[in-house]
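Please model the complete structure; the sequences and the hints are all you need to start from.
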Amino acid sequence: MTIDDQKEPFSLAYARAVAAVAQISVCEPAVDDDSVDLIFLLRGGGGVVRSPRVEVQVKCTDAATVHPAYIAYPLKLKNYDELRPTDVLVPRILLVVTVPDDVNDWLNHSEQELALRKCGYWLSLRGQPATANTTNVTVHLPRVNQFTVAELQGIMQRIGNGQYP
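117 is the number of the first residue of the sequence shown in this note's numbering; add one for each residue after it.
It should be emphasised that the hints constitute simulated quantities derived from the structure, not laboratory data.
Worth double-checking, as some hints may not be accurate.
Keeping only pairs whose Cα atoms sit at most 20 Å apart, straight-line, the calculated EDC-like set for lysine to aspartate or glutamate is [stated by the list, open to error]:
#, residue 1, residue 2
1, LYS194, ASP221
2, LYS192, GLU124
3, LYS192, ASP148
4, LYS123, ASP178
5, LYS234, ASP148
6, LYS234, ASP121
7, LYS234, GLU267
8, LYS123, ASP218
9, LYS194, GLU267
10, LYS234, GLU124
11, LYS192, GLU267
12, LYS194, ASP153
13, LYS234, ASP197
14, LYS194, ASP120
15, LYS192, ASP150
16, LYS234, ASP217
17, LYS194, ASP148
18, LYS123, ASP203
19, LYS123, ASP221
20, LYS194, ASP217
21, LYS234, ASP221
22, LYS192, ASP120
23, LYS192, ASP153
24, LYS192, ASP149
25, LYS234, ASP150
26, LYS234, ASP218
27, LYS123, GLU144
28, LYS194, GLU124
29, LYS123, ASP153
Beta-carbon label-pair distances, calculated as ranges [unchecked claim]:
#, residue 1, residue 2, range
30, SER141, GLN279, 13 to 23 Å
31, ARG159, THR264, 17 to 27 Å
32, GLN122, ASP150, 17 to 27 Å
Model, not experiment: these values are computed from the prediction.
Yeah, the Cβ is synthetic: ideal placement off N, Cα and C, and Gly gets one too.
Spelled out as structure tokens, the structure:
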């Protein structure tokens, strides 16, 4: 198994762990042909949209360029183009999970804790402009957009209120 083969299930496990604690259900499409790896669903809800959901493209990297205010990530053009439309029924976000260089540092566990390292950041590309790039687009994920339990609950609440992530 290559390091890239390990990154995908690790990042999906990270996303699922956050969703589990946030009391949000997770579905996984049988085929990822639309840049959607996971779908988060909130049962019921008290807003204007019943049972809000969001589709998520999940990426994992050990080579993120960290700036004081954002993480720079080179996203494949296909994914960029499929995450930016405004005419989709279900809102979409990008989730980039950053991990240490050494795979042995990704996870620490003991009888007291299970720690996944490092952090996930999310970004909505809705409405972003087309690009002349031919292979990828460097996106900037704000470091304040950490993918936490509270942040995921906030995303779902905004969608439930008829807003976008």
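Tell me if the straight-line CA distance from LYS234 to ASP218 falls inside 20 Å. Roughly 12 Å separates the two Cα atoms, so the pair holds.
Taking only the CA atoms, is the gap from LYS234 to ASP221 under or equal to 20 Å? holds, 9 Å
Could you grab the alpha-carbon distance between LYS194 and ASP148 and see if it respects the 20 Å cut-off? Given that 20 Å is the threshold and the Cα spacing comes to 12 Å, the pair holds.
Hey, LYS192 versus ASP153, does the alpha-carbon distance stay inside 20 Å? holds, 15 Å
Quick one, are LYS194 and ASP221 close enough, alpha carbons at most 20 Å? violated, 31 Å
Just to be careful, I want the Cα atoms of LYS194 and GLU267 compared with a cutoff of 20 Å; is the pair within it? violated, 26 Å
Pair hint LYS234 and ASP150, alpha-carbon separation not exceeding 20 Å: violated, 27 Å
For the pair supplied as a hint, LYS234 and ASP121, confirm whether the alpha-carbon distance does not exceed 20 Å. Holds: LYS234 and ASP121 sit about 18 Å apart, inside 20 Å.
Take the C-alpha atoms of LYS194 and ASP217, compute the straight-line distance between them, and say whether it is at most 20 Å. Outside the cut-off at roughly 26 Å; violated.
Lying within 17 to 27 Å: is that true of the beta-carbon distance GLN122 to ASP150? Holds, since GLN122 and ASP150 (Cβ atoms, about 24 Å apart) stay within the stated range.
Are the Cα positions of LYS192 and GLU267 separated by 20 Å at most? This hinted pair is violated, its Cα atoms lying about 25 Å apart.
Within 20 Å, alpha carbon to alpha carbon, are LYS234 and GLU267? holds, 17 Å
Hints 1, 5, 9, 11, 13, 18, 20 and 25 from the list above are not met by this structure, while the remaining hints are.
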